[in-house]
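> One-letter residues, chain by chain:
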Amino acid sequence: MSELLGIDDVSVHFPAAGGRVVRAVEQVSLSIAAGETLALVGESGSGKSTLGFAVAGLQAPTSGGLRFEGVPLTASTWPAARRKIQIVFQDPFGALDPRMPISSIIAEPLLIQRIGTAESRRARAAELVAQVGLPRDALNRYPHEFSGGQRQRIAIARALSPAPRLIVADEPLSALDVSIQSQVLNLMKEVQETHALSYLFISHDLAVVNHLVDRVAVLYLGRLVEVADRAALFAAPAHHYTRALLDAVPRIGRRRARHGGTIKGEMPSPLNPPSGCVFHTRCPRAEALCGAEVPVLRALSDVQSVACHFPLGSE
Amino acid sequence: MSEFADVAIGVWTLRWRRFRRHRTGMASLFILGVLVAFVLAAFPLQYFMGIDPDVTDLFARFDPPSAQHLLGMDEAGRDVLIRLMIGGQISLLVGVLATLVGGIIGVLVGVAAGYFGGRLDGVLMRFTDGMIALPLLPLLIVLGAIDLTKLGFSSDFAHSGAAGFWRIVVIISIVDWTAIARLVRAATLQIRERDYVRAARASGGSALYMMGTHILPNIATPIIVSFTLTVGRVILFESVLSFLGFGVVPPTPSWGNMLNNAQELVTTAPALAVYPGLLIFVTVIAVNFLGDGLQHAFDPRSERTP
Amino acid sequence: MGRFILRRSLQALLVLLVMSFVIYNLIGLMPGDPLDVMIASNPGATPEVVARLRAIYGLDQPILYRYAHWLWAAVQCDLGFSRTHSQPVLEVLAPALWVTCKLMLISFVISVILSLMLGISAALKPGGIVDGLVSLGAFAGISVPVFWLALMMILIFAVKLHWLPASGISNVGDGSFRDHFVHLIMPVATLALANTGGFTRFVRASMIETLRMDHVRTARAKGNSEGRVVLVHALRNAMIPVVTVMALSFGTLFSGALLTETMFAQPGMGKMIYDSILSNDFNLALSGLLFATLVTLASNLMADLAYGWLDPRITL
Ligand SMILES: Nc1ncnc2c1ncn2[C@@H]1O[C@H](COP(=O)(O)OP(=O)(O)O)[C@@H](O)[C@H]1O
Ligand SMILES: [Mg+2]
Numbered sequence: 000m001s002e003l004l005g006i007d008d009v010s011v012h013f014p015a016a017g018g019r020v021v022r023a024v025e026q027v028s029l030s031i032a033a034g035e036t037l038a039l040v041g042e043s044g045s046g047k048s049t050l051g052f053a054v055a056g057l058q059a060p061t062s063g064g065l066r067f068e069g070v071p072l073t074a075s076t077w078p079a080a081r082r083k084i085q086i087v088f089q090d091p092f093g094a095l096d097p098r099m100p101i102s103s104i105i106a107e108p109l110l111i112q113r114i115g116t117a118e119s120r121r122a123r124a125a126e127l128v129a130q131v132g133l134p135r136d137a138l139n140r141y142p143h144e145f146s147g148g149q150r151q152r153i154a155i156a157r158a159l160s161p162a163p164r165l166i167v168a169d170e171p172l173s174a175l176d177v178s179i180q181s182q183v184l185n186l187m188k189e190v191q192e193t194h195a196l197s198y199l200f201i202s203h204d205l206a207v208v209n210h211l212v213d214r215v216a217v218l219y220l221g222r223l224v225e226v227a228d229r230a231a232l233f234a235a236p237a238h239h240y241t242r243a244l245l246d247a248v249p250r251i252g253r254r255r256a257r258h259g260g261t262i263k264g265e266m267p268s269p270l271n272p273p274s275g276c277v278f279h280t281r282c283p284r285a286e287a288l289c290g291a292e293v294p295v296l297r298a299l300s301d302v303q304s305v306a307c308h309f310p311l312g313s314e
Numbered sequence: 000m001s002e003f004a005d006v007a008i009g010v011w012t013l014r015w016r017r018f019r020r021h022r023t024g025m026a027s028l029f030i031l032g033v034l035v036a037f038v039l040a041a042f043p044l045q046y047f048m049g050i051d052p053d054v055t056d057l058f059a060r061f062d063p064p065s066a067q068h069l070l071g072m073d074e075a076g077r078d079v080l081i082r083l084m085i086g087g088q089i090s091l092l093v094g095v096l097a098t099l100v101g102g103i104i105g106v107l108v109g110v111a112a113g114y115f116g117g118r119l120d121g122v123l124m125r126f127t128d129g130m131i132a133l134p135l136l137p138l139l140i141v142l143g144a145i146d147l148t149k150l151g152f153s154s155d156f157a158h159s160g161a162a163g164f165w166r167i168v169v170i171i172s173i174v175d176w177t178a179i180a181r182l183v184r185a186a187t188l189q190i191r192e193r194d195y196v197r198a199a200r201a202s203g204g205s206a207l208y209m210m211g212t213h214i215l216p217n218i219a220t221p222i223i224v225s226f227t228l229t230v231g232r233v234i235l236f237e238s239v240l241s242f243l244g245f246g247v248v249p250p251t252p253s254w255g256n257m258l259n260n261a262q263e264l265v266t267t268a269p270a271l272a273v274y275p276g277l278l279i280f281v282t283v284i285a286v287n288f289l290g291d292g293l294q295h296a297f298d299p300r301s302e303r304t305p
Numbered sequence: 000m001g002r003f004i005l006r007r008s009l010q011a012l013l014v015l016l017v018m019s020f021v022i023y024n025l026i027g028l029m030p031g032d033p034l035d036v037m038i039a040s041n042p043g044a045t046p047e048v049v050a051r052l053r054a055i056y057g058l059d060q061p062i063l064y065r066y067a068h069w070l071w072a073a074v075q076c077d078l079g080f081s082r083t084h085s086q087p088v089l090e091v092l093a094p095a096l097w098v099t100c101k102l103m104l105i106s107f108v109i110s111v112i113l114s115l116m117l118g119i120s121a122a123l124k125p126g127g128i129v130d131g132l133v134s135l136g137a138f139a140g141i142s143v144p145v146f147w148l149a150l151m152m153i154l155i156f157a158v159k160l161h162w163l164p165a166s167g168i169s170n171v172g173d174g175s176f177r178d179h180f181v182h183l184i185m186p187v188a189t190l191a192l193a194n195t196g197g198f199t200r201f202v203r204a205s206m207i208e209t210l211r212m213d214h215v216r217t218a219r220a221k222g223n224s225e226g227r228v229v230l231v232h233a234l235r236n237a238m239i240p241v242v243t244v245m246a247l248s249f250g251t252l253f254s255g256a257l258l259t260e261t262m263f264a265q266p267g268m269g270k271m272i273y274d275s276i277l278s279n280d281f282n283l284a285l286s287g288l289l290f291a292t293l294v295t296l297a298s299n300l301m302a303d304l305a306y307g308w309l310d311p312r313i314t315l
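Chain order of the listed sequences is A, B and C.
Position one of the first sequence corresponds to residue 0 (numbering that gives the first Met the number 0), numbered consecutively onward.
Position one of the second sequence corresponds to residue 0 (numbering that gives the first Met the number 0), numbered consecutively onward.
Position one of the third sequence corresponds to residue 0 (numbering that gives the first Met the number 0), numbered consecutively onward.
A portion of the hints provided could be inaccurate.
[As the list claims (entries may be wrong)] Which chain C residues stay away from chain B? Per the calculated CB distances, all over 12 Å, these:
hint, residue
1, Pro87
2, Gly131
3, Pro164
4, Ser169
5, Ala220
[As the list claims (entries may be wrong)] Derived list of chain B stretches under chain A, where covered just means 3 residues or more per stretch with a C-beta under 8 Å from a C-beta of chain A:
hint, segment
6, 181-195
7, 198-208
8, 211-217
Don't read these hints as lab results, they were simulated from the structure.
Remember, it's a predicted structure, so these values are computed and weren't measured experimentally.
Glycine residues also receive a C-beta, built at the ideal position from the N, C-alpha and C atoms.
Sequences are here, hints too, so could you generate the full structure?
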C-alpha cells in the first residue's frame, strides 16, 4: 500500500508556568496508507488531540516532521495540502459557527481555498447535505436548529467538501448518544468508500475502534507504546497498557479475562513524565530496567510493533 | 441572504421581545426618539420661522420667553431654544462619531491582541493598562489645548468651528477606546478556541478571514452594548471639555459650551444654566438605560431588572 | 509577594516614564512658548535678542535633548519654576496636594459608606421597589455632568437659599474650623454624589452574585440570621471586586476633583493643573499631570495588593 501520510519523529511541547515544559507528544512516528483507517487510542490527556492537531496543521510540531503524498510538509507545501486534510471535532455544539447558515458552513473550506464559484460551491453543499443524510432544506437553516448527531453530519459534510484524502476525526462519537453513535459511524464508513478516504480516527474507547479501523496506535503520556493491525492487537496485545485498555472493554460473548488485574492509579503529569519507560509506575510487570531505560519501538512481526522491555506473550 | 430571512428574524424578534419587557430600556428609547426629534426641529424653526441661532441683539439680552422666542434670549440676545437644538445636534453627533472612531480603534486592538496573543497581546494590553491608569480629564484638557498650527495646520483652519468639532472627536476617541479593547480581547480569546474557528484555520483561512467571518459576528453583542454605554460617556466628556473651553468653540453652540458663561450668570439668568445641563443629563441617563436594556435583551441569562 | 510588588512597581515606573515623555511633548504643542511673556513685556526685543534668549534657555535644542535635560533635573527633585506663581513648582504643588487630598478622601469615604448601604439594600431583593429606586439613583449618579451638578448646587444653596458659600476654602480673616467646614460641604457633596452612582452599581451586582453562592446559602441554611449572613458571609466576598473597582476608580475620582475644585474655586491640584494649562505655565502643568499619573498608578498597585489580600485563593 502506498503511504499517504507519514509522521516522522514528531514531538509537541507546550511551555508551562515556571519555565517548565508539557511534553504532550514525544517522538512519535507513524504512517497512514491511502484508504486506510488508523485509530489513535489512549486515556484522556495522552496527547491524541495534540497529535491530531499537528496532522491537521493546527499545531506546529516542536520537532520532527510530516510527509503528505510523499512531500514533506513545510510552510510552502502546507497551503496546498490543507484542502486534502480535513478535521472533524468531538463537540458538535462548538464545531459549527452559530451565525452561519448550513450551506455556508459546508462550503467554507471551498471558499477559503478559493475553489469554484459561489454557484458551484452552493451546488456542492446541496450534494453533500444529501449524502450525509440531511433534508435539503437544512441548507438554509442555522446550527441551533439541529441535534448533536445532525450537527456531526454537517461537520462531516464540511470536511468532505474540498474532496480531501485524509480526515482527522477527533473523538467524533464520544459526545453523542449511543443510539446515534452507530448511525454516524456507519455514515463515516459509507463516505470512506465513496470518497476513497483515509481516517486518523482518535478515540479513548477501543470498543468503537473495533468496527471501523484497520490498524491501531496506542499512545501513553505522549509516547507511542504499541502499533498493530486490528486483528493482531485485539487477539494478542503486546504492551501491558494495551492489555489494560482491552480489559476495560466489555464485550459480548467473551469472558472478561484478567491478567494480573487492571492498571492502578492515574496517569502521571506530562510536566514531569517518569524516567525510563513512562508506563513503569503503573505497570504490573515493571522491573528495575523499566525505570532506567527508555524502551524503543521494535517490530514483533510484520503487523505489530511495541515499545516494551518485557512485552506480553514473549515469555 | 433573503432566503434565510426567517431565521435571522428569529433571533432579533426574540431580542426585541426581551427588550420590550425592559421598562426603563423602552422608556429610554422613547426619550431618545423625542430628543432626536427635538434637535432636528432646529431646521424648520430656522428656515420657516426665520430664527437665526447666531444673530445677536443687544436690545434683547435676557428677554423672557415670548411667543416668538419660547425660551427667551441669552446674554447676547440670541434665541435660547434654537441654540439648544443646534447645540444638541453637535453634542449628539460628537457622541456618536467619537464612539465610532474610538470603538473601531478598540475593536481592532482587542481583536488583534486576542487573536494573535503572545507578544503582540502583551504589548497591546500593557499599553491599554497604561491608558486606563491615566486620569483622563487632565489629559483631555492638554490635548484640547494643543495649538493646531504647531502641528502644521493653517491658522485659518485651526481657529475654525470645524477644527473645534473634529478636534474633540479625535481627542476623545484616542483616549476612550480602552474599555472596548479589553472587552473585545476577552471575547476574542473565548471564540478563538472554538472548534469552528479551528476548522477554518485547518482549511487555511487567513487571520483577516477568521476575524471578519467568525470572530466579529460572534462578539457583536457585547460590542453593541459597550458602544451604547460609551456614547453616554463621550457626551459627558464633550460637555465638560466644551464647558472648560477646550472643546466645541463658540459661536458654534454645544450643550457644554452653552454653560460656559452660565456660571457667572447664575444669579441673573439661572434658566440659562439649567436647560443645557438638564438636556445632557436626560440624554446620558437615557443612553445608559438603553445600554442596560440591550444587555438584558441580548443576554438570555441576565437577571430581571425593572 | 515581594517580587510581585517589585515587578509591578517597575512596570508602573515604566508607564510613568513613557507618560512623562508623551506629556512633555504635548505640553510643547500648547500655544506659546516659555519665552513669550518675557518677550511681550520687552517690546524692544530684536529677533537677535530673542534668538539668544532661546539659546540660553535651551529652546533651540531638539526636543529629545530638552526632555532628557528635564528628566535629569526631575529625578533630582528639581521640577523647575512656576512662572505664574513665581515659585518653585514643588512649593506650589505641596499645598494644592493637601487641599485635593482632603476633598477626595472625605468624599471617597462618604461615597463608599453610601454605596455600601444603598447597594446592599438593593441586592437583598433584586427587582423590588428599593432596588428600582436605587438603580434609578445610581444611573442618575453616573449620568449627571459633575460640573452641572456643582452649578445647580451653587444655584440652589448659595444663590437662592444663601445657606452655603459658593466658593473658596474659607472667608478672608476667618480661619475657624466651622468656616473651613462650611466651605467644604458643597464640593464634598458634589464629588461624593458623582462617585456614589458607579460604586453602588458595583456593590449591588457583586452582592447579588455572592448571595447566590453556595456557601452563603449554606450559612443561611445553618440558621444564621439574615443580617449575619448578609453582613458577615456575603459582604466579605462581595468586597473583593468592589475594593478593586474602587481603588481603580482613582483616575475618575481625580477627574471629578478637577471639576469640583474648578467650580468651587478650591485651590487644589485639579484647579492648579487647569489654571496652569490656561496660563501656559508649562512646568507646573507638566509636574501636576505627572503627579496625578503617579498617584493613580500607585493606587492601582494598591488595588492589586488589596485584591490578593482579600482573596485567599490568589497567591501573589
Ligand atoms: N495548548 C496547550 N497548552 C498547554 N498544554 C496543552 C495544550 N494542549 C494540550 N495540552 C496538554 O497536553 C496533554 C495532551 O493533551 P491532549 O492532546 O488534549 O490529550 P487527549 O486528546 O489525548 O486527551 C495534556 O496534558 C494537556 O493538558
Ligand atoms: Mg482530546
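> Kindly indicate which numbered hints from before are broken by the structure, ordering the numbers from low to high.
2
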